[in-house]
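The listed protein sequences derive, respectively, from chains A and B.
Be aware that the first sequence starts at 198, since it is given in our numbering, and climbs by one per residue.
Be aware that the second sequence starts at 190, since it is given in our numbering, and climbs by one per residue.
These aren't lab readings, by the way, just hints derived from the structure by calculation.
Quick caveat: nothing in here was measured; it's all calculated off a predicted structure.
No residue lacks a Cβ here, since even glycine has one placed at the ideal position from N, Cα and C.
Keep in mind that a hint or two might mislead.
[To be verified] Covered stretches of chain A, as calculated for chain B (at least 3 residues, CB under 8 Å):
id, stretch
1, 212-225
2, 446-453
[Stated by the list, open to error] Below, a sample of chain A positions facing chain B; criterion: calculated Cβ distance under 7 Å:
id, residue
3, L440
4, R456
5, I520
6, I531
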Amino acid sequence: MIVAGEGLQPAEFAATATRAVVACAGQEMRAQARNLAGDGLLGIIADEEVGGLALPLGFAVPVIAAAHSGLLGFPLLETLFAGRLLQQSLPHLATAIVSGETLVSIAWQGEAVAEREGEAVVLSGWVARAPCADKVDYLLARIGEGAAALVRIDAEGVVVEDAAGLDLTVPEHAVRLQRVRIPIDSILPANTWDMLSSDANVLRAAAILGSAEACLSLAQEHASTRRQFGHALSYNQAIRHALARQKLGLESIRHAITRSLSEGSGSVQRDAAFLAAATYGSSISEGALQIHGGMGFTWDIPVHRHLRRIRTLQAQGDASGLISAFGRRYVSEIAPFTEAGA
Amino acid sequence: MSVVEAVSMQAVVVENLTGEAYRGAMRRWLQGNLPASFRSDSAAFASPTLQQSIAWESAMYRAGLTGITWPQAYGGHGRSLREHLIANQEIGALAMPESVNSIGKELAGPIILAVGTEEQKQRFLPAILDMRNIWCQGFSEPEAGSDLAGLRTRATRDGDAWRITGQKIWTSGAYRAQRCLVLARTGPLEDRHRGLAMFAVPLDAKGVRVRTIKSIDGRESFCEVFFDEVEVAQTDAIGAPDEGWAAAIRVLEIERATNRMYRAWRFENELRHLISACKADAALSQMVDDHHYAVRLGEVAVEIEVLKAHVETAVEALVNGDKIGARGSLAKLYWSESHQRFAALALELLQQAMLPQLAAIKVARRRFEAIYLQARAETIYAGTTEIQLGIIADRILQLSRGK
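Next comes chain A alone, as it looks inside the complex (with noise of 0.2 Å):
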């Protein structure tokens, strides 16, 4: 178990995770956010008023990195961010979060429609790209304004679909909201959806580097293992460089989410963090697929596992839009060229 104290490492974290990861396989849910709550991971980065440790954001990249990299199936990330979020509006339930009695997912994608009757607020629409939302008892989604609202799972009106989507570890589902009242401190304020994106992309960036590795380790142990035209197929100068190249995406994304989490930094380097990560995760995980050949094709190995996941992330940080937003933004800030200005 991790204990608060000065000196902490981030990278002390990881061991522990990785430890827990290994305790939580087979596991149902609720006894995994016990065993994870257990080992203090599930309050990294909530307030010591509700049982978490207060630490940065940067304290929680080796925990997802490691959850991440051991295919952990629990919605951690999400978890992580619940505790911080309500621990001022709803503190008992942060801590029934943080101490792992209470499960809760987001729903990553679309907005629900928030209107006020008297002191309730009902909620209409659809949300989706929720992970393990049948799973859970509270669901964060985004209503007007950046704000967000949560959500009793079990609550009227409330109907969780089935599972879809590439990812298989922790599956995703939309949920749809038929006139679900809900109290009205339930309603988290203006622009928090916003700062919950931009800290979610770094720890997306994280579970994707995660991930990454575990590909990159899997396809290096294969090339140095499996023989065909009387050598391994590390000898072959194409594979050197295919790997080499993953290694190189590798240390971007591990790069840039350091310099997302350094002093000054920003949205933009936050936002570069999981675009890079995105990008080079997808290409690391579906390179690591080509060099296991038909192996990489087959259900046993896990390097599919790891492309469904990293494909989901990039999914639920929207990294499409993004790259967009990303290009626009740059581009809006900048006056046309004068003389004068050169």
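Once you've looked at the hints, dock chain B against the given chain A.
Chain B only, in chain A's frame:
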């Protein structure tokens, strides 16, 4: 302000400045002194003459912008690598010409600092910084390009001196240099990387002949250098005779990881210039806001951010006492390939400008057509892309070559 006026500027007082105050002082000096004719994003740009470049770089040195980390005993400013990075970020932010003595400042100098004698440090290093001595690098040969260990230029003992005979090629700037950092063989060719020695050869020595080679951008900046029984004093041998390969590797690692540390910030300057030029043109201003080009420009911007991350991570590693080693190949591979993609995109955009072309487009075309052509060399010099991939596979991933 004329070049002459600019270079008469006095050094800025930065002794007590750190962090953002140091950055501010560097920025103000550069912005206040860089002549418009040196700025390739200006209509007034005119490629500087050698004398103008020497004067400008001397002024930069006096202002504290070069020799930043070198010891004060050898003319340096004795500051940290973090401050070197800060100064380079500010240098990169402006569209100024490349140094005519980057080989001296970023390759020969560091290697002399590492393995040179005290006398060599006193003799060579201040002369590099104040631009009395321009250096070039004599490594590649007609039969030893990527396979550097196959070089044939021979160094033989002649009493207290050495005699060097052979031919170097792709020697950038040899025609304007006073010294060449030559890698030569003291043993048989079969010894490969053993028995290689390094020399600081004066290019006005008897038996040295330099011939320029016209490159694809129409310039004649790189050269062939012929050595015919050139006498080189023992005092110009850099490091021990059998340490040449180790010294060469160290030079190349430095070259790949830290030289022109401003690159990412210069690429950002280029991207901003490209976008500003496009926004001055009615057709291109719409294009850069369209989804297709917004995505592609966004990809360039992300790659610049990642490149900054590579550089800053390397600086922090070095500050913390790590060696660069093979990791320099990661940064070199990244910047060279991403810059080529960017240069091709810039060319593609500017080729779609309206007619008649605006002055802004003419300025940008002149700059980016040159960059496009020059960038083709970036995946070749300092070790080709294929060599970098091989180094990453061999030394970082340590992939087995066994049967």
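Here's how the hints hold up against the structure:
no. : hint    : verdict
1   : 212-225 : violated (count 0)
2   : 446-453 : holds (count 4)
3   : L440    : holds (6 Å)
4   : R456    : holds (4 Å)
5   : I520    : holds (4 Å)
6   : I531    : holds (5 Å)
In terms of the numbered hints stated before, the structure departs from hint 1 and from no other.
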